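Trainee: Listed below, chain by chain, are the residues.
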Amino acid sequence: MAFKHKHLLGIQDLTASEITTILDTAESFYEISTREVKKVPTLRGKTIINLFFEPSTRTRSSFELAAKRLSADIVNFNSNASSTSKGETFKDTILNLEAMNPDAIIIRHPCAGATHYAATFSRSNIINAGDGAHEHPTQALLDAFTIRQQKKNFKDLKIIIVGDILHSRVARSNIFLLGKMGARVTLVGPPPLLPREFEKFGVNLDFNLDRAIEGADIVMMLRIQLERQAKNFFPSIREYRNIYALTAKRFRRAKKNAIIMHPGPINRGVELSADIADSAKSVILKQVENGIAVRMAVFYLLLGGKDREAFD
Amino acid sequence: MAFKHKHLLGIQDLTASEITTILDTAESFYEISTREVKKVPTLRGKTIINLFFEPSTRTRSSFELAAKRLSADIVNFNSNASSTSKGETFKDTILNLEAMNPDAIIIRHPCAGATHYAATFSRSNIINAGDGAHEHPTQALLDAFTIRQQKKNFKDLKIIIVGDILHSRVARSNIFLLGKMGARVTLVGPPPLLPREFEKFGVNLDFNLDRAIEGADIVMMLRIQLERQAKNFFPSIREYRNIYALTAKRFRRAKKNAIIMHPGPINRGVELSADIADSAKSVILKQVENGIAVRMAVFYLLLGGKDREAFD
Amino acid sequence: MAFKHKHLLGIQDLTASEITTILDTAESFYEISTREVKKVPTLRGKTIINLFFEPSTRTRSSFELAAKRLSADIVNFNSNASSTSKGETFKDTILNLEAMNPDAIIIRHPCAGATHYAATFSRSNIINAGDGAHEHPTQALLDAFTIRQQKKNFKDLKIIIVGDILHSRVARSNIFLLGKMGARVTLVGPPPLLPREFEKFGVNLDFNLDRAIEGADIVMMLRIQLERQAKNFFPSIREYRNIYALTAKRFRRAKKNAIIMHPGPINRGVELSADIADSAKSVILKQVENGIAVRMAVFYLLLGGKDREAFD
Numbered sequence: 001m002a003f004k005h006k007h008l009l010g011i012q013d014l015t016a017s018e019i020t021t022i023l024d025t026a027e028s029f030y031e032i033s034t035r036e037v038k039k040v041p042t043l044r045g046k047t048i049i050n051l052f053f054e055p056s057t058r059t060r061s062s063f064e065l066a067a068k069r070l071s072a073d074i075v076n077f078n079s080n081a082s083s084t085s086k087g088e089t090f091k092d093t094i095l096n097l098e099a100m101n102p103d104a105i106i107i108r109h110p111c112a113g114a115t116h117y118a119a120t121f122s123r124s125n126i127i128n129a130g131d132g133a134h135e136h137p138t139q140a141l142l143d144a145f146t147i148r149q150q151k152k153n154f155k156d157l158k159i160i161i162v163g164d165i166l167h168s169r170v171a172r173s174n175i176f177l178l179g180k181m182g183a184r185v186t187l188v189g190p191p192p193l194l195p196r197e198f199e200k201f202g203v204n205l206d207f208n209l210d211r212a213i214e215g216a217d218i219v220m221m222l223r224i225q226l227e228r229q230a231k232n233f234f235p236s237i238r239e240y241r242n243i244y245a246l247t248a249k250r251f252r253r254a255k256k257n258a259i260i261m262h263p264g265p266i267n268r269g270v271e272l273s274a275d276i277a278d279s280a281k282s283v284i285l286k287q288v289e290n291g292i293a294v295r296m297a298v299f300y301l302l303l304g305g306k307d308r309e310a311f312d
Numbered sequence: 001m002a003f004k005h006k007h008l009l010g011i012q013d014l015t016a017s018e019i020t021t022i023l024d025t026a027e028s029f030y031e032i033s034t035r036e037v038k039k040v041p042t043l044r045g046k047t048i049i050n051l052f053f054e055p056s057t058r059t060r061s062s063f064e065l066a067a068k069r070l071s072a073d074i075v076n077f078n079s080n081a082s083s084t085s086k087g088e089t090f091k092d093t094i095l096n097l098e099a100m101n102p103d104a105i106i107i108r109h110p111c112a113g114a115t116h117y118a119a120t121f122s123r124s125n126i127i128n129a130g131d132g133a134h135e136h137p138t139q140a141l142l143d144a145f146t147i148r149q150q151k152k153n154f155k156d157l158k159i160i161i162v163g164d165i166l167h168s169r170v171a172r173s174n175i176f177l178l179g180k181m182g183a184r185v186t187l188v189g190p191p192p193l194l195p196r197e198f199e200k201f202g203v204n205l206d207f208n209l210d211r212a213i214e215g216a217d218i219v220m221m222l223r224i225q226l227e228r229q230a231k232n233f234f235p236s237i238r239e240y241r242n243i244y245a246l247t248a249k250r251f252r253r254a255k256k257n258a259i260i261m262h263p264g265p266i267n268r269g270v271e272l273s274a275d276i277a278d279s280a281k282s283v284i285l286k287q288v289e290n291g292i293a294v295r296m297a298v299f300y301l302l303l304g305g306k307d308r309e310a311f312d
Numbered sequence: 001m002a003f004k005h006k007h008l009l010g011i012q013d014l015t016a017s018e019i020t021t022i023l024d025t026a027e028s029f030y031e032i033s034t035r036e037v038k039k040v041p042t043l044r045g046k047t048i049i050n051l052f053f054e055p056s057t058r059t060r061s062s063f064e065l066a067a068k069r070l071s072a073d074i075v076n077f078n079s080n081a082s083s084t085s086k087g088e089t090f091k092d093t094i095l096n097l098e099a100m101n102p103d104a105i106i107i108r109h110p111c112a113g114a115t116h117y118a119a120t121f122s123r124s125n126i127i128n129a130g131d132g133a134h135e136h137p138t139q140a141l142l143d144a145f146t147i148r149q150q151k152k153n154f155k156d157l158k159i160i161i162v163g164d165i166l167h168s169r170v171a172r173s174n175i176f177l178l179g180k181m182g183a184r185v186t187l188v189g190p191p192p193l194l195p196r197e198f199e200k201f202g203v204n205l206d207f208n209l210d211r212a213i214e215g216a217d218i219v220m221m222l223r224i225q226l227e228r229q230a231k232n233f234f235p236s237i238r239e240y241r242n243i244y245a246l247t248a249k250r251f252r253r254a255k256k257n258a259i260i261m262h263p264g265p266i267n268r269g270v271e272l273s274a275d276i277a278d279s280a281k282s283v284i285l286k287q288v289e290n291g292i293a294v295r296m297a298v299f300y301l302l303l304g305g306k307d308r309e310a311f312d
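Chains as they are written, first to last, in our numbering: chain H, 1 to 312; chain Y, 1 to 312; chain S, 1 to 312.
These are computed hints drawn from the structure, not numbers from a lab.
A quick note: this is a predicted structure, and the numbers were derived from the prediction, not measured.
It is possible that part of the hints are untrue.
With the C-beta cut set under 8 angstroms, the calculated list includes, among others, these residues of chain H facing chain Y [said to hold, decoys possible]:
#1 Ser33
#2 Thr34
#3 Lys38
#4 Lys39
#5 Pro41
#6 Arg58
#7 Ser62
#8 Glu64
#9 Leu65
#10 Lys68
#11 Ile260
#12 Pro265
#13 Ile266
#14 Leu285
#15 Val288
#16 Glu289
Restraint ranges, calculated between C-beta atoms of paired labels, are given here [stated by the list, open to error]:
#17 Arg35/Y with Asp24/S: 23 to 33 angstroms
#18 Thr34/H with Gly182/Y: 22 to 32 angstroms
#19 Ser28/S with His5/Y: 21 to 31 angstroms
#20 Ser28/S with Thr34/H: 39 to 49 angstroms
#21 Arg252/H with Phe201/Y: 18 to 28 angstroms
#22 Arg35/S with Pro192/H: 50 to 60 angstroms
#23 Gly202/S with Ser236/Y: 49 to 59 angstroms
#24 Ala16/S with Lys256/Y: 49 to 59 angstroms
#25 Lys91/Y with Pro55/H: 15 to 25 angstroms
#26 Lys155/Y with Arg35/S: 33 to 43 angstroms
#27 Pro191/H with Lys91/Y: 28 to 38 angstroms
#28 Arg123/S with His5/Y: 35 to 45 angstroms
#29 Arg35/S with Pro41/Y: 21 to 31 angstroms
Cross-link-like lysine-lysine pairs, in silico, DSS-like; alpha carbons within 25 angstroms at most [claimed, not checked]:
#30 Lys39/Y with Lys39/S
#31 Lys281/H with Lys151/Y
#32 Lys39/H with Lys39/Y
#33 Lys6/Y with Lys286/H
#34 Lys256/Y with Lys151/Y
#35 Lys91/S with Lys281/Y
#36 Lys39/H with Lys6/Y
#37 Lys155/S with Lys91/H
#38 Lys91/Y with Lys286/H
#39 Lys286/Y with Lys281/S
Cβ atoms here follow ideal geometry from the backbone N, Cα and C, with glycine treated the same way.
Chain H on its own, in the form it takes in the complex (with noise of 0.2 angstroms):
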């Protein structure tokens, strides 16, 4: 049960036992959130760094209130106020943070693997809070603990994921984490988004959604970024929409009883029609609220947590 893992840098390093670890430890630390003192010792005195490359709100501040709520201390970073404007390079940033002595380091950056750089000269414990398209698995995590409160286990779901496969890191977790835990994906999207090699992960693709969404448990939604892949990889947003974009009719293809998820932030008439975002099986505020039991977790259980239950 214990946990042997410094890092977090993504999903792909676990094992399914350890991943079901995450989310029981989480399942402890849910309900400290909704208590009237939302509070516990269980990491006072330890030091935590919000490390930005890319701007962020609600990663940044999850994994903020997270720290808090554990009573670690915890300091933020943008890349813009940074020495990195100044010519300093990515490795003298960590290293001069690290001499600060902190615990633990959360680093979000825009290039894929810069995490995994970091934890080979790191002594603190590394963070994966997205690194480029490649990983982002507290994410996924908080995906998975949201899956298993609503659907038990994750044992032969269909589980569609829908839009930008190609550039997103929430995908790409997802991706490794459900097909370790045992679900069916099928990944949905416009051909160029879409890139053939992703069948080597053991999953399905279809570039029709009103296809592959028959019978699925999970419609999980990818954010359109407007700013990038409008003008690139399809003619417009609008023939995006009448193709991809998820409805209430499309939606009643999909099992009585499924959910709807998206990472956020979501765009309202994009991806997602409005009265989706809004419906009743949509668990997308559920996911945000997740997100905090199961960044506790990932503190608690990488920081040593475990042998400090009795403090205070």
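Got chain H sorted already, so can you dock chains Y and S onto it with the hints?
Mentor: Then chains Y and S, alone, in the frame of chain H:
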């Protein structure tokens, strides 16, 4: 004596007795910030979010310090770094933050009514930190706290509010509050910035500062936003200053023990002269100090601190 | 042994014995950052403001972590988001922050003398985190802490400081400190960046690094600000590097047990070669680590922690 509101959206919603409750509560918190140890455990384990869609130094930090001195956890968001720029709606931003189980969300937004809208669907306590040209209730409350500190009560005080009334949420919240508390308010400013319709609030209007200031107990100056009004609403800063700036000479027409107020940040040499800003009659910095006590009181009354006095 | 100063504005104001007091105090705090629980309650309930009018990663965060590890509350301000852009004077900004009853205000400002000016009217403890090209006292103190850690004492050490002396507050604070502690300092750089008037500080000047480095105990490299100096003060980065960069070959002329220092962030391949930066003789990251201990000591000595040892 109990405080029945869930949110603090505006002064318009409060009775005189509720305003008095807030001011009395603030009085009991005032002393904490002057102690050696400026911190009480009253709101330990509560989560407060500072959500600012407009830049701010003093208001954001005043809320932040008030929260920290009550031992609450507070997380800051600025709209720049936020998901708003990614196309997320205001409502979705609030709902997403709320999914993280905060106890209160402080909102500053350029649109009048934004916080009222948030309150229609929010489970958290919403605190209005300024919504467009509508209300800025904690500013009016700290102004009231300062007036009471100096003048004991409001009854029959002659208070003039001078400047850009049209665009000022500070003026509006003060008009409501001072009216409820029994003061006599005169609004002063150039005709384009002082619309006739303000008469419906039971105040006097005067375009002539030299006349309006006669016998005033309180002279409350508003900030001229150089970047905006100067261009559109009066011929030149110089002309505005000649007619509406508070100078030592002009201030002599007020009551002997009159005081000078300003919500800050001040423009020395624009809406008030430097000697007036630094005068012994100015309580501008007292207002800033009192802001902490008033915001601690608001947190305490809204977040249910009442039942937790014995905590720790 | 008591520390009599209210502010820490510059090394120029300190005696050798006061510097020793700070370093001794820092030694007692050094160990806290290496513990499992990196936090002591010494300054619980104190409020510290980090007021930065220039961007900074490491200095701001080093102060922030030092404050948090002493359990003080710390609030960050950056000039971008601040009222300065709204036309408020520097003095009014300080007075307004001070009205919130902070115990200390840390100030970084592009103008030399800004913190000294603040100290003339401030009730809080002012800590200079860098004022123009004038002083950066906590940097010199952490450098001194590092030197003492490596060399036991300062007496008769040969220390060379290399680079853009003219614009460097780090150089200036180090010149003052090292002189008071009895070290022999030589400043090295190209003539336009090494004005003759520095001789009045009792140091040697040398335009020739190959000569100056002979027999040095400490080689302290300064950062070349590529965006500025390259254009105006020397023909090209390449030429500067040929003459003034620290390379392994050049470093061999120093004493056998000489060490390499740099205030960071470093420009690999500009003022020092990559192998020098990563050399076992480099104590650059030690400097960063020691910064936390030194800043904890400064907080402790200024904020009256002395009388509160038994607190909690």
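Trainee: Please flag the earlier hints that this structure goes against, numbers listed from lowest up.
Mentor: 5, 11, 18, 19, 21, 26, 31, 37 and 39
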